[in-house]
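S.K.: Following the hints, complete the assembly by docking chain B onto the known chain A.
Taken in sequence, the protein lines are chains A and B. Heads up, the working numbering is the position in the first sequence plus 630, with the first residue counted as 1. Heads up, the working numbering is the position in the second sequence plus 7, with the first residue counted as 1.
If you are wondering where the hints come from, they were derived from the structure by calculation, not from laboratory data. Keep in mind that a hint or two might mislead.
Which bits of chain A does chain B cover? Going by a derived footprint, with three or more residues having C-beta under 8 Å, they are [claimed, not checked]:
| id | stretch |
| --- | --- |
| 1 | 649-662 |
| 2 | 667-673 |
| 3 | 681-695 |
| 4 | 709-716 |
Remember, predicted model here, so these are calculated numbers, not experimental data. Beta carbons: idealized from backbone N, C-alpha and C, even for Gly.
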Amino acid sequence: MSNEGRPLSPHLSVYRWPISMTLSILHRMTGVALSIGLIALVVWLESIALGASSYEALSGWMRSGIGQLLLLGWCFSFFFHLSNGVRHLFWDAGRGFEKSQVTASSWMVIAAAFILTGSYWLVLGGLL
Amino acid sequence: MSLRSPLGRVLGSGSANDGTEHWWAQRVTAVALLILGLWFLISLLQLDNFTHATVSAWLGHPFSGVMMLLLCLTIAWHSYLGVQVVLEDYVHGPLIKVVSLLISRFAHAFLAIAAVLAILKVSLGGSL
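Okay, chain A solo, but in the shape it has when bound:
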């Protein structure tokens, strides 16, 4: 018995792409990125425990272009995941479910993630 040609229920592709869908995907992607970041955090801690030469070797690598790009990526992922995570906690409390509220809070999360990442990176850059 073939199901071909039978009507399908509306799928993702028939909807006009709302901003909240982008954020939902980004929440997962930044979460996975931060899970990989856990490996880097543990390597950093191990390098401190192993002594100055290992630590300096890792620090030198993290100061390179790729290292800085990774750190910036993890920094953005952290602040995005944190901001959107706070929004999830509001949803868990049953607040902010109206379509207009979801769209507004989506843009607030994006703005917060960029502002927090930018300002943290600027302050940290002054120290490095």
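M.R.: Chain B alone, transformed into the frame defined by chain A:
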């Protein structure tokens, strides 16, 4: 013999009898990481520099040690819960699903214990 009604026994349990545990643990660790993560980023900003001497002195401080232990263990837990959901959603083959979930669990356990050992080594003065 329990005097609770059959309905009372199953309410809130879900079909697997622990329906809310995963969800709740994810929220509790999220709130903890909101505090611990921001503490970590702010304490990095307060360091004078990022030499091995400065960073290991900071990590060796008892309060930093406790906070870093909490941070690493909570990240590992939260990350495990999140990666589990991602794998369950996107990995469909029965064997590859079980294998990837096992690898994720072992990797998170390994990272958590590696982090604990590194922090303890510095805290207890093992660093050279």
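S.K.: Mind checking, does the stretch 667-673 of chain A have 3 or more residues with a CB under 8 Å from chain B?
M.R.: The restraint on the stretch 667-673 of chain A holds, since 4 of its residues have a Cβ under 8 Å from chain B and three suffice.
S.K.: Under a C-beta cut-off of less than 8 Å, do 3 or more residues of the stretch 649-662 of chain A approach chain B closely enough to confirm the stated coverage?
M.R.: With 3 residues closer than 8 Å to chain B, the stretch 649-662 of chain A meets the three-residue bar; holds.
S.K.: Residue count check for the stretch 681-695 of chain A against chain B: does it reach three with CB-CB under 8 Å?
M.R.: Three-residue rule met by the stretch 681-695 of chain A, so holds; n is 5.
S.K.: According to a criterion of three or more residues whose C-beta lies within less than 8 Å of a C-beta of chain B, is the stretch 709-716 of chain A covered?
M.R.: Holds: 3 residues of the stretch 709-716 of chain A have a Cβ under 8 Å from chain B.
Checked against the numbered hints given earlier, the structure satisfies every one of them.
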